[in-house]
Amino acid sequence: MSLEVRGLTIEISGRRVVDGISFDVPDGARVGLIGESGSGKSLTALALLGLLPGGATASGSIRWDGRELIDLPDRDLARLRGDEIGIVFQEPRTALNPIRTVGRQIAESVRIHEGLGRREALARAVAEAARVRLPDPEQIVGRYPHQLSGGQRQRVAIAMALACRPRLLIADEPTTALDVTIQSEILELLHSLVTDDGMSLVFITHDLAVLSQIATHAVVLEDGRVVEEGPISRLLTAPSSPVTQGLLRDATATLWRPGGRS
Amino acid sequence: MTRFAWLRRLWALSTGRFGLLVAAGIAVVAIAARFWTPFNPQRVDIAGRWAPPGWPHLLGTDGSGRDILSLLMAGAGTTLRVAVGAAVVATVIGIILASLGALTARWIRESVAVVVDILIAFPVLIIAMMISAVWGGSLWVVIISVGIGFGVNVARVTRPELRRVLHSDFVLAGRASGLTPFQNLWRHLLPNVAPVFIVQLSWAMAVAVLAEAGLSYLGFGAPVTEPSWGLLLKDLQAYITVYPLTVVWPGLAITLTVLGLNLLGDGLREATDPTLSPRRAAHHVPEVVA
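Quick mapping for you: the protein sequence lines, in order, are chains U and Y. Read in my numbering, the first sequence has 187 at position 187, and its numbers run on one by one without any break. Read in my numbering, the second sequence has 22 at position 22, and its numbers run on one by one without any break.
Derived by calculation from the structure, the hints in this document are not laboratory data. Just so you know, these numbers come straight off a predicted model, no measurement behind them. By construction, the Cβ of each residue, glycine as well, lies at the ideal position given by its N, Cα and C atoms. Watch out, some of these pointers could steer you wrong.
Some chain Y residues judged to face chain U by a derived CB distance under 7 Å, without partners named [claimed, not checked]:
| # | residue |
| --- | --- |
| 1 | Asn40 |
| 2 | Ser168 |
| 3 | Asp169 |
| 4 | Phe170 |
| 5 | Ala173 |
| 6 | Arg175 |
| 7 | Ala176 |
| 8 | Gly178 |
| 9 | Thr180 |
| 10 | His188 |
| 11 | Pro191 |
| 12 | Pro274 |
| 13 | Thr275 |
Distance windows between CB atoms, simulated [said to hold, decoys possible]:
| # | chain 1 | residue 1 | chain 2 | residue 2 | range |
| --- | --- | --- | --- | --- | --- |
| 14 | U | Asp71 | Y | Gly25 | 55 to 61 Å |
| 15 | Y | Thr180 | U | Glu188 | 54 to 60 Å |
| 16 | Y | Ile118 | U | Arg93 | 36 to 42 Å |
From just these sequences and the hints, can you work out the full model?
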């Protein structure tokens, strides 16, 4: 199942924030959307799910598995969300409901889409928690978000997004809010989960170093437009646009191995 | 993962325990009074009027020789019905107005906010007088007027909270899991504003008890045939200079109930918020394993 985005334009009260971007995510591909903050990456991610904030409208075309998602009624989109397309947000501190146990949150999409009962859903939550390598899965599903560390919370968020085995995972800066050591663990986890399942991935980031560890292709955005796209290896070795060159400079400034591995 | 863990936590709190005991006590008395009171609360005994507390009239008798303890027991049911009824009406009105005011299109949102602000300007007493002018004085007048009066208050306080929670990532995450907006409201939004809601409601119940007493006292509430703490207080306070002790009993019952309901609300708020219960957190020290 592939994702094709053509001329996606997002306007917030008359202002164009995303201006006609196009990219493809073939089945099983791992594509990065990269750009400075304000380049329209996150809005693009939300538009893919039909979850733009109030006042924002999307036009153009988003085809998922041959089906047009723009202007699809919310009821139909809700059926896709969490089931075929999952999303992980940037900030694990706020992405979990503080007053529900993590087990209930992990199992939420399973209960909606597969209609599991309470008990089965809990068993499933334990299995999913184990899958994202949370310690003590049986205990941890009964805990509340504030009792978990940042990295654990992000694992919970990943488990939530993957519980229904979606075909496409959107990861919106999933490692930005984490410590560097935990960042690499989460990246490895995402990488293995995505490749094991043959899932497609759209990975959003502003960090080329991070992206080089997980994606094969990248689309570089600036001010809501695509400025460059291609395989990561080429962006790392021969960036053609000033934006990409800037991103590469930032990445090599923090990451101690220029070029990175792809 | 037990569903009723919050009840245990409520019991562990001194405020919650006191509130629960008071509420349960009133409920038990109200139910018991339907079957048995020491004396018939309406039995007039001219010879035994203004009896001091003692045997057989534990709390004494009033000016018509009615047993005060029996009157109080019979009145507990009225009080309970008013408090619960007003809370239910306030909850329904509060949830509907707050949801409309927080989650709908901008023009609906803002008109609801204006309507709520206008309704807040009407004191409960005025609403009660308007309703009773049309349908006559009854307990329903008290229930509905306190329900409306507090419903708009609840909506007023809950609406901004709901707006705040609405912009949280976990609400977005809920939608991204495939919840419809309505399911999201029930599962993520309302539970997160529940603390504010519960405090307002317990306050509404307490005020309903006072309002029942006050409105019955003024003649808009319970008809004289209905046993009510407010009516009893009204009857007795005319003689407060002669028999001051008699007034104490209904006053004490009202005070205790109001205090109990307030503390129950406080306890509930604390018990249902997992981040506020150190006892539970202490059992689950998070390992710092990422």
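Now for the hints, and whether the structure bears them out:
1. Asn40: Violated. Min distance 50 Å.
2. Ser168: holds (6 Å)
3. Asp169: holds (4 Å)
4. Phe170: holds (4 Å)
5. Ala173: Since the shortest Cβ distance to chain U is 5 Å, the answer is holds.
6. Arg175: holds (6 Å)
7. Ala176: holds (5 Å)
8. Gly178: With a minimum Cβ separation of about 4 Å from chain U (threshold 7 Å), the hint on Gly178/Y holds.
9. Thr180: holds (5 Å)
10. His188: Hint on His188/Y: holds, closest Cβ of chain U at ~6 Å, below 7 Å.
11. Pro191: Holds, because the Cβ-Cβ distance from Pro191/Y to chain U comes to roughly 6 Å (cut-off 7 Å).
12. Pro274: Where the cut-off is 7 Å and the nearest Cβ of chain U is about 4 Å from Pro274/Y, the hint holds.
13. Thr275: holds (5 Å)
14. Asp71/U with Gly25/Y: 55 to 61 Å: Hint holds: Cβ distance 60 Å, inside 55 to 61 Å.
15. Thr180/Y with Glu188/U: 54 to 60 Å: Violated, at about 35 Å.
16. Ile118/Y with Arg93/U: 36 to 42 Å: Cβ of Ile118/Y to Cβ of Arg93/U: about 39 Å, so the range 36 to 42 Å holds.
Violation of the numbered hints given earlier is confined to hints 1 and 15; the remaining hints are satisfied by the structure.
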